[in-house]
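Just so you know, the sequences run in chain order A and B. Count the first sequence with my numbering and you get residues 1 to 300, in order. Count the second sequence with my numbering and you get residues 301 to 741, in order.
Since the hints were made in silico from the structure, they are not lab data. Positions of the beta carbon are idealized from the N, C-alpha and C atoms, including for glycine. Please note that a few of the clues may not be correct.
Have a look at the derived ranges for each label pair, beta carbon to beta carbon [to be verified]:
1. A:Ile-135 to B:Ala-512: 33 to 43 angstroms
2. A:Gln-234 to B:Leu-580: 41 to 51 angstroms
3. B:Asp-545 to A:Gln-234: 47 to 57 angstroms
4. A:Leu-150 to B:Glu-358: 45 to 55 angstroms
5. A:Gly-165 to B:Gly-665: 34 to 44 angstroms
6. B:Thr-646 to A:Ile-135: 39 to 49 angstroms
7. B:Pro-382 to A:Gly-165: 49 to 59 angstroms
8. B:Lys-365 to A:Val-30: 30 to 40 angstroms
9. A:Phe-227 to B:Val-740: 20 to 30 angstroms
10. B:Lys-365 to A:Asp-156: 30 to 40 angstroms
11. A:Ile-101 to B:Ala-490: 27 to 37 angstroms
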Amino acid sequence: MTRFLAGHRPRVIIGKKIAPYVLLLPFVLVFVAFLIVPMIYAFNLSLHKTALVGGTRFVGFDNYARAFVDPNFWSGVWLLVRFGFIQMPIMLSLALAFALILDSGLVYARGLFRIAFFLPYAVPAVIATLMWGYIYGPAYGPLAQIAAFLSLPKPDFFSENAILGSIANITIWEYTGYNMIIYFAALQAIPADLEEASKMDGASAFTYAVRVKLPMIVPMIIVTIMFSIIGTLQLFSEPYLITNLARSVINSHFTPNYYAYTLAFTAQQYNYSAAISFVLGAVVAVFSYAFMLASNRGTR
Amino acid sequence: MTNQKSNGAGFSRLNRRQLLQSSAVLGAAAAAGGVALPARAEDKVKLTVWAWTPRTQEMADLYMKKKPDVQVVVENVGQGAPHYVKLRNAITAGTGLPDVALIEFNSIPSFRALNALADLSPNLPAGFGDQYMDWTWKAVSDGGKVFGLPWNSGPMALLYHADVLDRHGIAAPETWDDFAEQAQKLAKAAPGTYLANFGVDPGWTAAVLWQAGWRPFRTNGTEIEIRINDGIAKNWANYWQGLIDAKAVDTKPAWTTEWFAALDNGTYASWVTAAWAPILMEQAMKKSFGKWRAAPMPQWQKGGKVASNWGGTVFSAFTTTPNLKAATDFAAFMSADPQAARFWLTEVFLFPVLTELVDDKNLMGHKYDFYGGQPVNEVFAEALSQVDPSFEFAPFQDYVNLQIEDHFAQAIAGHGTLADAFDRIQDAVVAYAGDQGYTVK
Chain A
1 MTRFLAGHRP RVIIGKKIAP YVLLLPFVLV FVAFLIVPMI YAFNLSLHKT ALVGGTRFVG
61 FDNYARAFVD PNFWSGVWLL VRFGFIQMPI MLSLALAFAL ILDSGLVYAR GLFRIAFFLP
121 YAVPAVIATL MWGYIYGPAY GPLAQIAAFL SLPKPDFFSE NAILGSIANI TIWEYTGYNM
181 IIYFAALQAI PADLEEASKM DGASAFTYAV RVKLPMIVPM IIVTIMFSII GTLQLFSEPY
241 LITNLARSVI NSHFTPNYYA YTLAFTAQQY NYSAAISFVL GAVVAVFSYA FMLASNRGTR
Chain B
301 MTNQKSNGAG FSRLNRRQLL QSSAVLGAAA AAGGVALPAR AEDKVKLTVW AWTPRTQEMA
361 DLYMKKKPDV QVVVENVGQG APHYVKLRNA ITAGTGLPDV ALIEFNSIPS FRALNALADL
421 SPNLPAGFGD QYMDWTWKAV SDGGKVFGLP WNSGPMALLY HADVLDRHGI AAPETWDDFA
481 EQAQKLAKAA PGTYLANFGV DPGWTAAVLW QAGWRPFRTN GTEIEIRIND GIAKNWANYW
541 QGLIDAKAVD TKPAWTTEWF AALDNGTYAS WVTAAWAPIL MEQAMKKSFG KWRAAPMPQW
601 QKGGKVASNW GGTVFSAFTT TPNLKAATDF AAFMSADPQA ARFWLTEVFL FPVLTELVDD
661 KNLMGHKYDF YGGQPVNEVF AEALSQVDPS FEFAPFQDYV NLQIEDHFAQ AIAGHGTLAD
721 AFDRIQDAVV AYAGDQGYTV K
């Protein structure tokens with residue numbers, strides 16, 4: 001038996017060595033063509049400056065130097081930090097709560113609920129924002145109509161103080177189901193004998209959920225927080241689509257991505273826009289890394 | 301541009317191209333001998349046209365019937381910002397531009413700054429510009445060069461809800477002082493009803509400031525004068541700030557469904573706007589159909605006769621087109637065929653730019669159901685003749701508009717006044733102009 005295997009080994013090893021790369025090749029090609037090459041292009045763009053008068057010239061890191069002290073950029077980052085501190089805890093705890101409830105086995109028609117929770121994620125952000133824009137409508141939106149019917153003051157979802165909450169609500173509605181599915185899948189992977197063991201030890205369903213299940217899916221929670229940080233810092237579609245309804249509070253540099261968009265496509269500052277995008281990438285990396293460090297320390 | 305009378309050579313060239321045989325101005329010359337455009341069947345010219353206006357392909361089809369050797373495809377790539385973003389991206393990319401595109405008067409300097417617009421004058425007969433309203437031709441031409449052919453204009457007037465004003469005993473205001481007085485009166489008499497809404501709208505802002513005498517830009521090659529926050533602007537800002545502070549006007553965003561509904565149900569009793577406004581109002585306003593009336597734009601001086609223009613479009617060809625001659629020919633047809641222009645005015649509310657049509661009593665007397673049978677074109681025609689042609693837009697008008705939006709929005713949200721906003725816009729635009737290589741004076 002050993003001899004038989006030994007005779008075949010060299011060929012198998014070569015095949016094994018090459019096979020992964022062959023299988024990865026399609027991904028690598030697409031990755032290079034649609035991520036690496038555009039990034040190199042954008043980086044090159046960010047080192048130049050094109051003016052209406054005078055054309056294009058190489059300016060080194062001038063655009064970056066400008067971005068680092070650009071209040072319009074940093075006000076957007078600061079806004080998203082505040083936004084993240086409202087939105088992420090609410091969204092992720094809701095997702096976790098729903099996942100634990102669905103996983104508890106107390107719910108009938110579990111599949112139905114799972115799909116219902118997940119459905120908003122399948123609705124394109126554009127449609128979702130238009131829909132919420134209608135619901136928020138200050139004069140003729142359904143909520144305003146109900147308030148008028150009850151002789152209450154009409155709520156203003158687009159006021160300066162409310163706008164962050166209004167946008168957060170849209171994103172919570174959109175992404176809670178997505179995070180819930182991730183948690184739910186992780187919970188389903190917990191072996192059933194743990195539940196029996198904890199029951200034997202006299203744990204209630206609630207204690208079991210909080211003391212046993214929750215710690216076991218912490219890695220998944222960390223992953224979702226990571227995704228949320230990245231997603232939050234790249235917020236664009238929701239404020240962009242709601243701009244026309246809330247012109248007085250959403251400006252052209254409301255979020256960093258929004259700023260990059262208007263710089264490139266309205267102000268025709270493609271070069272500076274590219275630099276802003278790279279700086280935003282760096283900010284995302286810093287936040288993600290800081291969170292990784294913090295969570296590693298916490299779990300150690 | 302030429303103001304000299306058309307000469308014979310110009311006419312015969314025009315005939316050969318069979319441009320405007322139906323035009324009364326030029327039709328007489330047709331007798332002088334028309335030679336058909338030398339068309340070689342083997343190379344059928346294909347023209348791509350980007351336009352967002354309704355039923356434009358119908359008009360292009362009409363053109364193709366006259367010129368079977370040309371194939372015109374009209375594409376709608378979006379209205380407003382999406383249209384211009386796509387054009388600019390194609391210019392930056394150096395590929396993918398259409399041969400001809402519809403652009404608004406206020407975008408001409410911006411596209412010229414990118415060297416994107418082709419000079420149409422070599423393929424136009426001399427004196428071609430004489431048939432247009434003065435300022436429209438001035439806006440598209442520079443020296444002898446022509447960067448687009450005017451198609452429709454946006455003379456402004458005060459559109460008002462007759463029954464709302466009648467109910468509260470308010471007459472259509474003749475001056476801006478009247479306007480302010482009536483606004484306060486209406487807000488007091490019927491809380492929740494406003495004479496107007498001050499929504500943040502840079503196009504509208506520039507147009508009404510144009511009437512007030514604001515001349516923010518003077519571009520001369522790479523030199524530019526920027527006077528955004530001058531006395532005229534400050535006065536205007538204080539005027540509206542007063543109305544906003546007194547809650548005599550509303551400050552909701554314009555162009556939203558809610559805003560259209562508010563105009564329709566009489567929450568906003570008037571709108572100082574352009575002749576093309578009913579294109580949009582007709583679709584959105586069922587309740588108020590037939591109840592709108594037009595009156596001349598309120599004046600800053602009692603008895604004054606100054607109006608303004610908001611929007612309006614031209615057909616421009618791009619430097620990249622391999623068929624400049626055909627593109628010019630098509631633009632000339634779209635722009636100056638009087639029969640078509642008549643149709644667009646009565647059917648689609650596109651106000652003409654041809655002197656002949658503006659002077660046509662019959663056409664100007666056309667009664668519109670939307671306006672309860674009022675022959676509103678008389679109002680608009682008068683307004684068009686009262687537009688001062690000396691207004692210049694910036695060669696980076698989109699950036700200026702963006703700044704107006706951002707800083708007006710702040711003022712409306714209660715951070716500083718509109719007058720402060722003008723100072724901030726001035727600073728931002730001066731910095732931008734310098735950054736773009738202009739010498740700011």
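Taking the hints in turn, this is what the structure says about them:
1. A:Ile-135 to B:Ala-512: 33 to 43 angstroms: The hinted range 33 to 43 angstroms holds for Ile-135 of chain A and Ala-512 of chain B, with Cβ atoms some 40 angstroms apart.
2. A:Gln-234 to B:Leu-580: 41 to 51 angstroms: Violated - the Cβ-Cβ distance for Gln-234 of chain A and Leu-580 of chain B, about 34 angstroms, lies outside 41 to 51 angstroms.
3. B:Asp-545 to A:Gln-234: 47 to 57 angstroms: violated, 39 angstroms
4. A:Leu-150 to B:Glu-358: 45 to 55 angstroms: Holds, at about 51 angstroms.
5. A:Gly-165 to B:Gly-665: 34 to 44 angstroms: violated, 55 angstroms
6. B:Thr-646 to A:Ile-135: 39 to 49 angstroms: Roughly 40 angstroms apart at Cβ, these two residues keep to the hinted range, so it holds.
7. B:Pro-382 to A:Gly-165: 49 to 59 angstroms: violated, 30 angstroms
8. B:Lys-365 to A:Val-30: 30 to 40 angstroms: About 48 angstroms separates the Cβ atoms of Lys-365 of chain B and Val-30 of chain A, which means 30 to 40 angstroms is violated.
9. A:Phe-227 to B:Val-740: 20 to 30 angstroms: The hinted range 20 to 30 angstroms is violated for Phe-227 of chain A and Val-740 of chain B, with Cβ atoms some 46 angstroms apart.
10. B:Lys-365 to A:Asp-156: 30 to 40 angstroms: violated, 55 angstroms
11. A:Ile-101 to B:Ala-490: 27 to 37 angstroms: This hint is violated: roughly 52 angstroms between Cβ atoms.
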